[in-house]
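> Below, each chain spelled out in residue letters.
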Amino acid sequence: MQKSMSAMNRRGFGRLAGSTALAAAFASVGRPTFAAESVRLIWWGNPERDKRTYAVVDKYNADKGADVLPETYAWGDYWQKLATQAAGGALPDVLQMDYRFIFEYARRNQLADLGPFLGNELQLDDFDQGQLDSGKVDDKLYGVSMGANSMSHVYNKTVLDGIGFQLPDSTKWTSDDYVTIGKELKDQLPDGMYFSENMGLQEPMLQTWVRSRGKELYTPEGKLGFEKQDIIDFFNYWRMMQDEGLTAPADIQAQDSGKMEERMHVIGKSLFGFIHSNQLVANQNLMEDEIDFVMIPNAGDKPGQYMKPSMFLSMAESSADKAAAAQLINYFITDDDANDILLIERGVSADASIRERILGALTPTEQKIIRYLDLVATHVGPLPPPPPKNAGEIDRSLRPAWESVSFGQVGPEDAAVQFYDNAAQILERS
Amino acid sequence: MAKVGPAPAGGALPPAAETGLSRFWRLHGTSYLFLLPWLIGFFGLTLGPTLASLYLSFTDYDLLTSPRWAGLKNYEYAFFNDRRLGNALSVTFTYVLWSVPLKLMVALGLAMVLDRSVRGVGFYRATFYLPSLLGASVAIAVLWRQLFGGEGLVNQLIYMVTGLQGPAWLTHPDYALSTLIVLAIWQFGSPMIIFLAGLRQVPQDLYEAASMDGASAWRQFRKITLPLLAPVIFFNLVLQTIEAFKAFTQAYIVSGGLGGPVDATLFYSLYLYEEAFANFRMGYASALAWLLLVIIAIFTAITFATSKYWVYYEDEAR
Chain E
1104 MQKSMSAMNR RGFGRLAGST ALAAAFASVG RPTFAAESVR LIWWGNPERD
1154 KRTYAVVDKY NADKGADVLP ETYAWGDYWQ KLATQAAGGA LPDVLQMDYR
1204 FIFEYARRNQ LADLGPFLGN ELQLDDFDQG QLDSGKVDDK LYGVSMGANS
1254 MSHVYNKTVL DGIGFQLPDS TKWTSDDYVT IGKELKDQLP DGMYFSENMG
1304 LQEPMLQTWV RSRGKELYTP EGKLGFEKQD IIDFFNYWRM MQDEGLTAPA
1354 DIQAQDSGKM EERMHVIGKS LFGFIHSNQL VANQNLMEDE IDFVMIPNAG
1404 DKPGQYMKPS MFLSMAESSA DKAAAAQLIN YFITDDDAND ILLIERGVSA
1454 DASIRERILG ALTPTEQKII RYLDLVATHV GPLPPPPPKN AGEIDRSLRP
1504 AWESVSFGQV GPEDAAVQFY DNAAQILERS
Chain W
52 MAKVGPAPAG GALPPAAETG LSRFWRLHGT SYLFLLPWLI GFFGLTLGPT
102 LASLYLSFTD YDLLTSPRWA GLKNYEYAFF NDRRLGNALS VTFTYVLWSV
152 PLKLMVALGL AMVLDRSVRG VGFYRATFYL PSLLGASVAI AVLWRQLFGG
202 EGLVNQLIYM VTGLQGPAWL THPDYALSTL IVLAIWQFGS PMIIFLAGLR
252 QVPQDLYEAA SMDGASAWRQ FRKITLPLLA PVIFFNLVLQ TIEAFKAFTQ
302 AYIVSGGLGG PVDATLFYSL YLYEEAFANF RMGYASALAW LLLVIIAIFT
352 AITFATSKYW VYYEDEAR
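Protein chains in written order, with the numbering used here: chain E, 1104 to 1533; chain W, 52 to 369.
Simulated from the structure, these hints should not be mistaken for lab results. Because the structure is a prediction, the values reported are computed rather than measured. Even for Gly, the Cβ is constructed at its ideal location relative to N, Cα and C. Watch out, some of these pointers could steer you wrong.
Claimed, not checked - If you only want the chain W side, here are some residues facing chain E, beta carbon under 10 Å, derived:
1. Gly80
2. Gly137
3. Tyr226
4. Asn330
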């Protein structure tokens, strides 16, 4: 009965090969989503945040007899997941939202206006007005800020203390001071450790850079708000840092794909790194050395940093039980038990009574965050205009643009001009 | 002719009353019933989405709002304006042209080594097949990322043996793609199994006769093994080429989803995926998917067309 492959005739064989080829070429994956009657909650996170959020959900389910279904993804997968669920009309009832995307989702009628719930399910009387306003789009409330946050330079305190170096007042230092300090410290650092992570590919760094020169990444009309010269200078600066040996060579720096456990300062390859203030706890958990942070050196005379809403809780317009969803949001934002668990992992609460309550329960690392934000609060500029559609693509295009400079394939000026023209084109396509 | 289907309930109908449809069901009903799961899968999960994507490729669709008809805009952009697409194509072609022949050579070589009755040959075959079972998985890609990291095992070995610091295999634009090609070659398992099956069919007396005539091993390989194996090589070539064009997981994981450094590992599928889910251009991504289908079809057609010059079938007249 055995029929050998080589004895098969040409036509039969061709058909077999052809149909297998066709099937292989068409193979695609699909996963249906199912609507559930319970309240679905989705967030992007890290192990630390997931642990705390699951604990809050468990407590809520147990205390209130609710049935909340939690889902979590890493940042990169999260937005793909959310977009496909939105396309299928199956967004989870309560979702974590980012400042970058809230306008996009709100203006496309994916998010519910939370206004009608204020004073009823949502009790936000103790909430900071500025943080509340940051969740408004076209004067409607589409998200409640889960905490305040800002960019920062994180540094290895253990190493720096070991050298016995005293950092200057970080509310006043400049990008030139940063270079001077780097050159002074360079030879005293442990083997394999460079002074700084190379931040030429960090979009928030570019943003602080242009803001400290009195400009913005994007205008309120959704055009580029800075000049070619700004990014030329930015690339030149970080190329110079690399050439001076103050940052790691390109191929070492490129090992950091943005995941927390790959960051240069986390793996001990740099003294300084860039993070958002709420990431300190998670970063510290990955390291043995103690870390702390300071403000970002300004490249001009204006404050480059600003207080960010770290993330929002929003409600899907498609939610079947909006009241239940609003109650869950309220629980996360204002409940004592919930915030005793969450503390400030997502940023410092904008609810004054919560802030006061949790202060004593904070670890030394978390107290650093409160102290840092107190310091930053008095030295920041205004919240920038909302990023336009396709801003995410421009953010992602900064990495290859910078890498072409750091690997020496393109000069800083040419790469900067290419990036700028490309960004303008991306905005035009939106 | 014996009855094929089951007898209809209530006994056989008189032939005159039988309509075409009921006759069809009597003859083929059972077969279609058994085929049903596959049919549902094919129409619901393959053909449906495929046609939907064809429609979407002519629209502007950002996943959040309804698709808007855009005519040929997406295709025009792909052909005339998309610089990154050119880059993605060149990465993918490089990958296909290197990884497929090398992988097939390794697979054939090992299949010939394993086509012997030594002790424990089953164990060796299983062991050599293992990488391709695991090969396309996320876990292996993660492992690969660590092995070939700047301070990974590979560089430690290089340092131990030569005392030299190895390159950053995955994060230097000069090496990243080659490393992924090596990863692809390592997944030689399934073509190897098919080669093994093919080798089993080569009559041993041909070799005996050849060696009596004093033909060297190389000559035997060229004059006996290769020609008789041609249909199998052809089959593997077609399948592996298609697989290679669709390569995604390795590049996605190994480059952290970025296709970096400097887009050096921006495979076509990776770029397509990024356009669809990161840049919210599902319409354009659908157009890219159809272009990929056409590219694969052209390559497959070329392979088929050349096959008549080098693929030999036993039942053919000489």
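> Indicate, hint by hint, whether the structure satisfies it.
Hints and how they fare:
1. Gly80: violated (24 Å)
2. Gly137: W:Gly137 check fails; min Cβ-Cβ to chain E is 14 Å, beyond 10 Å.
3. Tyr226: holds (9 Å)
4. Asn330: Where the cut-off is 10 Å and the nearest Cβ of chain E is about 5 Å from W:Asn330, the hint holds.
Hint compliance for this structure: hints 1, 2 are broken, all remaining hints hold.
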